[in-house]
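Colleague: Heads up: the protein sequence lines correspond to chains L and P, in order. All letters in the first sequence, in the order written, are residues 1 to 214 by my numbering. All letters in the second sequence, in the order written, are residues 215 to 508 by my numbering.
No wet-lab data here; the hints were simulated from the structure. Do not take every clue at face value.
[Stated by the list, open to error] Covered by chain L, according to a simulated footprint, are these stretches of chain P (three or more residues, beta-carbon under 8 Å): (1) 330–343; (2) 374–386.
[As the list claims (entries may be wrong)] In silico EDC-like pairs for lysine to aspartate or glutamate, Cα to Cα no more than 20 Å straight-line: (3) P:K333 - L:E72; (4) L:K185 - P:E331; (5) P:K418 - P:E392; (6) P:K333 - L:E128.
[As the list claims (entries may be wrong)] Computed from the model, here is a short list of chain L residues facing chain P with C-beta under 8 Å: (7) S84; (8) N156; (9) P158; (10) G160; (11) G161; (12) Y196.
All of these numbers come straight from a predicted model, not from anything done at the bench. The C-beta atom is built at its ideal place from N, Cα and C for all residues, glycine as well.
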Amino acid sequence: MKSITKQKSIEDIQEGLKGLDKIFVVGCGTCTTMTKTGGVEQVEEMKGHLQEMGKRVTGSTVIPTACDDMTEVAMKENEQFIRSADAILSMSCALGVHRMSLYLDKPVIPALDTLFIGVEETPGYFREACDQCGQCLLGQTAGICPITACHKGLVNGPCGGTNNGKCEVDKDKDCAWTLIYNRLKEQGRLDLMHQYQPPRNHHVILKPKSVKIT
Amino acid sequence: MVSRFKEVLESGRFVITSEVAPPKGTNLEKFLHHIDLLKDKVDALNVTDHQSSVMRFPSLGGALAIIEKGGEPIMQMTCRDRNRMALEADLLFAYSRGIKNVLCLTGDAVPVGDHKEAKGVFDLDSLQLLKTIHQLMDGQDLGGNELDGGVEFCAGAIVTPEAQPIEPQLIKFEKKVEGGAEFFQTQAIYDLDNFKSFMDYARKFKVPVLAGIVLLSSARMAKYMTANVPGIFVPQELIDELSGVPKEEVLAKGIEIAGRTIAALKKDAICEGVHIMAIGKEEVVPDILAASGL
């Protein structure tokens, strides 16, 4: 499972750093290294872009996992370089941005957009597999999630936009309900598809969501 | 009070519906003209709801215009743009103003339309909307609260007989029957043999099916729909027939094809009626009816 990210355009990054001249760059050794959006190489490349923008890079680091408590340790180790910067440019996912913002009171500007939580199905191919809706239907849908795999998140079967097993929004996207139908049929469990699924509860856990494990 | 359209459905005679599309903007002149032209020639007129995810004057407003002109509207309602509260509220309002027929649809995906960055709601799906209507008719909203003054609708749904693969569609069709669909309007059908086999299956559920008739206005349009519109398949012989006539006669050929398809459906009692969609050429719907002998 990886947090999938995409680098913002250089223009957007420049806009985000407007008025901030001294920059400390932080990458992440986990997800954004895997997706080649915030590993050692991309951090070095970004430093070049920043210099072209006329910024001064006070330093950089790639935190092993930017979303956990290692972030605090890594930021303490680099404290003097971070303190001398006007801002941190984050090349982690938004979880890392959130974490970095907890320490040292420096503005943290994201260089990446966080797209989805994906599983790596085949090497280099990441797909969203869970929307974390809080009402798992996978037992009734042969392990294929209609909330994430169907463009409209339909729970009672396909819409009229299904076309030869593909979705109306993109001929390269599979129709989730064709996949579900095929797999349920193989399993001899098509009766599950005949069951009515009532409207979903969008507040299984109230937003902002949190949980305390004791 | 029972809807006039429901009485027609129950009368056993061949049912004819057609469709009008509200404008992009507030100039209703053409839209009202289409209503005037068609309201007395068909049993009910559908009003599309931001068809193809293109923002327009609302179907609720369009259906009211039909009521004001003494016609019988079928308000199309998609689940794309409103959550369950907004859908329920619009149903209350619609009923209070005399709208008695609703067609429940999922709605096209947002990115196929002209507001590509809008949020697609889909809080309910077409089946859940259908069941919501029945719950409202039982005097209760989706929050489980009692209504002060209820509603009575004739609620229908759609089915795509040419969808590939067809089996998942049929499961949903059966769920819609169980969910209380009182009529079905289909996506466009051109291949009568295929449609007959669909009807051999569908007939046993005893819910009236109105076959979708979409006017073919050119060979190019027929090819485009086959290639790009999910669930539409125009057989090659119809495309050849359209290509075989001079350009100025193509529309007349399309009208003839639509007319003879309707006549064949009625003659052999293949289904309970037709739903004619002229898509921008509403002016010729009376010609299609004339060509069908109805």
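Colleague: Taking the hints in turn, state whether each one holds.
Modeller: Hints, one by one, checked against the model:
Residue count for the stretch 330–343 of chain P with a Cβ under 8 Å from a Cβ of chain L: 8. That meets the three needed, and the coverage hint holds. Counting residues of the stretch 374–386 of chain P whose beta carbon lies closer than 8 Å to any beta carbon of chain L gives 9, which meets the minimum of three for the stated coverage. Restraint check for K333 (chain P) and E72 (chain L): not satisfied, since their Cα atoms lie roughly 37 Å apart, outside the 20 Å limit. Proposed proximity of K185 (chain L) and E331 (chain P) is contradicted: the alpha carbons are some 36 Å apart, above 20 Å.
Between K418 (chain P) and E392 (chain P), the direct Cα distance comes to roughly 13 Å. Compliance with the 20 Å bound is thereby established for this hinted pair. At most 20 Å may separate the alpha-carbon atoms for a hinted pair to count; K333 (chain P) and E128 (chain L) meet this at roughly 18 Å. Evaluation of the S84 (chain L) hint against chain P yields a violated restraint, the C-beta minimum of about 40 Å exceeding 8 Å. Of the supplied interface hints, the one on N156 (chain L) holds, with its beta-carbon coming within about 5 Å of a beta-carbon of chain P, less than 8 Å.
The interface hint given for P158 (chain L) holds, since its Cβ lies 5 Å from the closest Cβ of chain P, which is under the 8 Å cut-off. A hinted interface residue such as G160 (chain L) counts as satisfied when its beta carbon comes closer than 8 Å to some beta carbon of chain P; here the least separation is about 5 Å, so the hint holds. Because the smallest distance between the Cβ of G161 (chain L) and any Cβ of chain P comes to about 5 Å, under 8 Å, the interface hint for this residue holds. At about 6 Å, the closest approach between the beta carbon of Y196 (chain L) and any beta carbon in chain P falls short of 8 Å, and the interface hint on this residue holds.
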